[in-house]
Amino acid sequence: MSPVLAGALQVLALVAALALAYRPLGDHMARVYSSTKHLRVEKWIYKAIGADPATEMRWPAYLRGVLAFSAMGVLFLYALQRFQGALPGSLGFASIDPDQAFNTAASFVANTNWQSYYGEQAMGHVVQTGGLAVQNFVSAAVGMAVAVALVRGFTRSRTGELGNFWTDLVRGTVRILLPLSVVGALVLVATGVIQNFSGIHEVGQFDGGGRQWNGGAVASQEVIKVLGTNGGGYFNANSAHPFENPNGLSNLFEVFLILVIPFALTRTFGRMAGSLKQGYAILAAMASLWLGFTALMMWTEFAHHGPAFEIAGGAMEGKETRFGIAGSSVFAVATTLTSTGAVNSFHSSYTGFGGGITMLGMQLGEIAPGGVGSGLYGMLVMAVLAVFVAGLMVGRTPEYLGKKIGAREIKFAACYILVTPALVLCFTAAATALPTPADSTANPGAHGFSEILYAYTSGANNNGSAFAGLNADTQWFNTTIGIAMLLGRFLPMVFVLALAGSLARQSPVPATAGTLGTHRPLFSGLLVGTVLVVTGLTYFPALALGPLAEGLAS
Amino acid sequence: MNTSAGTTARLLGAGLRALLVLTALCGVLYPLAVTGAAQAFFPGRANGSEVTSDGEVVGSRLVGQRYDLPTADGQETPEPDLRWFQPRPSNGLGSNGVNTRYSLLLSGATNLSADNGELVDQVTEAKEAVVRDNSVPGHPVDPADVPADAVTSSASGLDPHISPEYARLQVRRVAAHDDLPVERVAQLVREHTEGRILGFVGEPRVNVLALNTALRELLEPAATP
Chain A
-6 MSPVLAGALQ
4 VLALVAALAL
14 AYRPLGDHMA
24 RVYSSTKHLR
34 VEKWIYKAIG
44 ADPATEMRWP
54 AYLRGVLAFS
64 AMGVLFLYAL
74 QRFQGALPGS
84 LGFASIDPDQ
94 AFNTAASFVA
104 NTNWQSYYGE
114 QAMGHVVQTG
124 GLAVQNFVSA
134 AVGMAVAVAL
144 VRGFTRSRTG
154 ELGNFWTDLV
164 RGTVRILLPL
174 SVVGALVLVA
184 TGVIQNFSGI
194 HEVGQFDGGG
204 RQWNGGAVAS
214 QEVIKVLGTN
224 GGGYFNANSA
234 HPFENPNGLS
244 NLFEVFLILV
254 IPFALTRTFG
264 RMAGSLKQGY
274 AILAAMASLW
284 LGFTALMMWT
294 EFAHHGPAFE
304 IAGGAMEGKE
314 TRFGIAGSSV
324 FAVATTLTST
334 GAVNSFHSSY
344 TGFGGGITML
354 GMQLGEIAPG
364 GVGSGLYGML
374 VMAVLAVFVA
384 GLMVGRTPEY
394 LGKKIGAREI
404 KFAACYILVT
414 PALVLCFTAA
424 ATALPTPADS
434 TANPGAHGFS
444 EILYAYTSGA
454 NNNGSAFAGL
464 NADTQWFNTT
474 IGIAMLLGRF
484 LPMVFVLALA
494 GSLARQSPVP
504 ATAGTLGTHR
514 PLFSGLLVGT
524 VLVVTGLTYF
534 PALALGPLAE
544 GLAS
Chain B
78 MNTSAGTTAR
88 LLGAGLRALL
98 VLTALCGVLY
108 PLAVTGAAQA
118 FFPGRANGSE
128 VTSDGEVVGS
138 RLVGQRYDLP
148 TADGQETPEP
158 DLRWFQPRPS
168 NGLGSNGVNT
178 RYSLLLSGAT
188 NLSADNGELV
198 DQVTEAKEAV
208 VRDNSVPGHP
218 VDPADVPADA
228 VTSSASGLDP
238 HISPEYARLQ
248 VRRVAAHDDL
258 PVERVAQLVR
268 EHTEGRILGF
278 VGEPRVNVLA
288 LNTALRELLE
298 PAATP
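Residue numbers (the working numbering), protein chains in the order written: chain A, -6 to 547; chain B, 78 to 302.
Here chain B stands alone, though its shape is the one from the complex (with noise of 0.2 Å):
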């Protein structure tokens, strides 16, 4: 019996050192060379794809923001800012629940199935206010030309994309609320299209935080001397 417990101690003394060696090894040493390497490398991708516009860091190129305007007392949902295109919808998104000294940037998904009729909700509201709020005279839009994206939350709440449909989709308004001639702006969200990866890879898009700031940059030219 003494002996048994004195192999199973033996063993288990094995099993943590070989648990500590290697916790040194792809914990430690592994974490800190790729690091290493990747900041000599790749500091602007390592550090986040952050986007400047005037100077000012406006974000990461990879996570999608909100274009809101501000919430007047007691609306708990904002409106959108129709002047900005507008990111797909985020109903998934999560709060802080553990550590609420910090407003930190969440991921999330609704995870909400297609018989699920608060989904079939949402997607119908989303639709409708797609319409109204792309409809301008004499340009009305037609439910059938809003494509999914518009109208369905990302996976991670954070997608940076619309497709280029939605973005087309948005020309007419952005140019009425920015008092800018539709065909410039339509050429600024061909400029701002990216195809396929290799012609394949992925799905064309249009970077929302891109776009809008060079729709800015159009809006306000060079606030620096």
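Bound conformation, chain A alone (with noise of 0.2 Å):
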């Protein structure tokens, strides 16, 4: 069988199995959140928070609720890794220093899991297990959250309402990220990943010598960090890692759990909203540039033009023999078109088209099918231009859902449309101005421009990937990368949550002959041409002089 089949049966696999869980998985998400029961173990927790889990909050409320619960996570993070040091079940490694900390810290209760530590020589038992992957569970809790107070802000009216966050992100770690874990870890033992507290030790080897193994609960925490889109690998090499991702299955199962609750949310917006086939148009609009893009890429890998590939007969460096072109090409797309990050393949190294899909995925916001909640409130936010682009087009008020988007509704979308472009755009522009952190780069030319924006592109967007030869340990990266995680995550969901207030106050407004059939494949096509247009305005001057340089200098 030659690759390119190999590659395309898998992608095949991969759709079916999706299929089949989308169902199941959506509607059960769907109960979750609409259920007016507690779970005995949610009461406890509800108990030791302080909180009335019935108590409906205002979008004021449920968003100081988000910020002070990201904040508390931001500072336990901190401390955890400055006074790793000093803890037991460090395996004797050092406190991390300030800069790095706070970094790592906001990389990952922002979802992004940017890493400028190596994982098997920093972190301890303690920081990975019950720092880092706590925050996997929880910040991929958060976006779901407020996805579905999105949601809420559509179906509900008359009302400012959205919703408790307490109870939203106790459910959503309880009733659907930690079962899910629990079977998938597994799973993915079942396959070879490690899963034991036996620290470093020494390992023989076939020369008679010997190696130091970091082993450590790697299974528990590889699951969230794909199932939650969040991508900060145990190991260095991520999910490239022998350990973290053994063979051909685990890999595909991998790419499975990272793109299941994105894709299946969609249904839960579409039961909740009370017609399945508006969360239709939604997954048709994500599906479609998800198919698109893996196709482009396999195409580009494939061909593997480069000076280097050309000598070497194929685009293999930086990519493994058990996953090969193909299932490193759908890694990719999967992890750059969510906000996951975790790579089985070093983007740096593929082909300059290559890299630039992979920068372009995460440039459309990471929204087909994008993070876990953040993917759905992303594609909600570009339905709401697109309707409203619509609207002008036959001089019409715009809906969505019966809700009409007006002055104010457009300009929380719009906000929250530029805040990501601005970050990568600016911090891109002053790295490169500046003399010192150019000196980061590994590669002359193009490629050097292309790290820098990769990096402000992948934390802006809480990706958290890497043109990985960027040295971003130094001060000036870790601050101004750990700034834009925390503003590109926490200022659009400011928007979010103030769209949906908004939304939620509002009368419905009856559907007409004239009011555009959202429900429809016209529909889809519409966003899907929003999403790229919109994206193509912003970004193709930068892309430009990166990957389009480099590519179609090869």
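Everything labelled a hint here was simulated from the structure, so no lab data went into it.
Predicted model only: the values in this text are computed from it and were never measured.
Among the clues, some could well be false.
Using C-beta positions, here's what the derived DEER-type ranges look like [as the list claims (entries may be wrong)]:
#1 B:Pro214 - A:Thr425: 53 to 63 Å
#2 B:Thr85 - A:Ala415: 22 to 32 Å
#3 B:Thr201 - A:Gly203: 27 to 37 Å
#4 B:Pro258 - A:Leu(-2): 30 to 40 Å
#5 A:Leu(-2) - B:Pro220: 22 to 32 Å
Below, in silico cross-link-like pairs of lysine to any residue (SDA-like), each with a Cα-Cα straight-line distance of 20 Å or less [unchecked claim]:
#6 A:Lys36 - B:Val218
#7 A:Lys40 - B:Ala91
#8 A:Lys30 - A:Ala47
#9 B:Lys204 - B:Val218
#10 A:Lys36 - B:Leu102
Quick look at which bits of chain B chain A covers, simulated, 3 or more residues with Cβ under 8 Å [stated by the list, open to error]:
#11 101 to 115
#12 126 to 136
#13 179 to 193
#14 200 to 213
#15 234 to 243
#16 262 to 269
#17 273 to 280
Yeah, the Cβ is synthetic: ideal placement off N, Cα and C, and Gly gets one too.
Put the complex together from the two separate chains, hints included.
This is how it looks when you write it as structure tokens:
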């Protein structure tokens, strides 16, 4: 069987698995966020928090909950790293420096998982398992909570109430992420992912000598790393490390875990909005972008243009034999079209166009299908923009799901869309103009510029993957990328919740003959077009200087 | 003003308590439960898929190793030991920079771009070396037959596999160095060639440690009585 055909079959298998999980998982999540019953363990947690799970919150209160919880997350994770050297169970690893500890804390709380440290030689059991892996759960649950709050904004009327943040946070963790993680972790162990607390120990080698291995709770962290679209690897090589991703099957399973919640959330949305077709329209837009990007990536990587690859006879630099070109390309697209940022191959050594595709995937705003929660709310904001554009064309006040999209709503949507590009382009410009940041680049010319552009694209969009030749462990990059990650995560959430509050206060307008059918394929097409035009207009000049210049030269 | 400061403090307190409870759940109970189940059901895999030969642990089935000659005085890069099958290059493997008290197994890629002269040089030199090392009298290696994985560094630097093409390319050399019939070595490679899982998942590959271990057992049959 040719590698291309095998790759196509793997994509097909992935589509089939995602389709099978779509209905049960989507419906389950809709029930979780609509239920009025509380599990016993949840009641204990609410008691410990001191929160009444039945209290409804308006958008400012919901936002305050998000920010207070996340602020404590940053502080706690920062302290854990700063005191690592004094904590038991740290394998004798030293405390992390302030700038790197800030960067890492911001990174994991913002669901980014950008890593300027080497996992296997910097972080012990306490920080990895008790700190970083916990944020993998809760930062994902926060993303889902905000997405659900936005959906409630569309479905509720003449109220400002969006639900209870603590309830949504706890339910997302306890009823969705934890059960899936337990099953997924054991599946990963069955394929060969390690799960132990052996720490640093000596293992014999073929030549009679020994090597020191760093053993830890890898499978339990790996599963939520991908399921929660986090992406921070236990080891430096991330999902390319054989202990994180041992074979082709574990690879496909990890890609499945990356995509399963973001896609299924469109079903949750349709279910909660009372029209499954509305969910399918969003799903169709996401899925067509994902499949299109996957096809493009396979094409450019199999074609392997570029001087070094033409001599080698294939683009295998930075890729593992067991995944090959196809398994690596599928993973690279899934990880950059969601906010995951885990890698099973190193994007910096992709072809010029291949590197560009990973960057463009993030620059779309990670909405195809996007991060857990953030993908859905990002795509819904784009849908608001799409109905607005359509409204301008026919000269009617735009509506979406029975809510009028007025000046106030479109301002929030516009602010949402402007945040990340402003962060990416301003920080990239500053880093390129200043003398020292550019010294961190590993490659000359256009690719060096791409390394910096990629870093801020990845940070501000909460992806976390890298053109990893860039030496990002400097005060400049630790600080600026840390700021980009926090602002890129929480400013958009402010606008999403404000939009949700504004929509929830409205009375519904009845659909008329002139209402745009947002459940139809035409709307899916319009949505894809809006996404591509907005992203293209924003990023084309920057992409032309980096990956396009490199790709066209080879 | 006082009330708003009080409200903020109460909110942050709730945030901290929520974090601590969820840390106990997701950061302590969950990993312990998964570790317990993993150790009960899949102890070998959960502990790193160790391979034993002749009663000794020789590494992990999942982690690639180097098969080099001992370095001479003043020599920086070791020469490959041509008696054994050679793995892929691992030019991006990091060195202990943070915790120098350990000599940890590290992972990493070169991250060099296709148009970087450094990578062009690495690939060109690797290709020349593969052709030189594997050409035996009467059977020169055609550079066009060298597969891409033989001359490029993997993503982890710990790739345990090579492509079946690269394994077959090394058969005559290994047979010559080990004084074995070519057909016997070729058979060994065939036995250790794994196809795609379920016929379409992943890529065909040869596990270098498993292959070299089997080769050694062929060369030194049963050291133990």
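Could you say whether the range 53 to 63 Å given as a hint is met by the Cβ separation of proline 214 of chain B and threonine 425 of chain A? Cβ of proline 214 of chain B to Cβ of threonine 425 of chain A: about 56 Å, so the range 53 to 63 Å holds.
Lysine 204 of chain B paired with valine 218 of chain B [C-alpha distance capped at 20 Å]: holds, 11 Å
Between lysine 30 of chain A and alanine 47 of chain A, does the CA-CA distance stay at or below 20 Å? Holds - the C-alpha atoms of alanine 47 of chain A and lysine 30 of chain A are around 10 Å apart, at most 20 Å.
In terms of beta carbon proximity below 8 Å, does the region 126 to 136 of chain B have 3 or more residues touching chain A? This one holds; 6 residues, not fewer than the three required, reach chain A with a Cβ under 8 Å.
Checking C-beta pairs, does the region 262 to 269 of chain B have three or more residues closer than 8 Å to chain A? That given contact is violated, which follows from only 0 residues of the region 262 to 269 of chain B lying within Cβ reach (below 8 Å) of chain A.
Please check whether the region 200 to 213 of chain B has three or more residues whose CB lies within less than 8 Å of a CB on chain A. holds (count 3)
With a Cβ-Cβ cutoff of 8 Å, does the region 179 to 193 of chain B contain at least three residues near chain A? holds (count 15)
Return holds or violated for the Cβ distance of threonine 85 of chain B and alanine 415 of chain A against the range 22 to 32 Å. holds, 28 Å
That 27 to 37 Å hint for threonine 201 of chain B and glycine 203 of chain A (C-beta), does it hold up? At 34 Å between Cβs, range holds.
Lying within 22 to 32 Å: is that true of the beta-carbon distance leucine -2 of chain A to proline 220 of chain B? holds, 27 Å
Confirm or reject the coverage of the region 101 to 115 of chain B by chain A under the rule of 3 or more residues with a beta carbon closer than 8 Å to the chain's beta carbons. holds (count 11)
At a Cβ distance under 8 Å, does chain A reach at least three residues of the region 234 to 243 of chain B? Held - the region 234 to 243 of chain B has 7 residues with a Cβ nearer than 8 Å to chain A, which meets the minimum of three.
This entry does not satisfy hints 6 and 16, going by the numbered hints stated previously.
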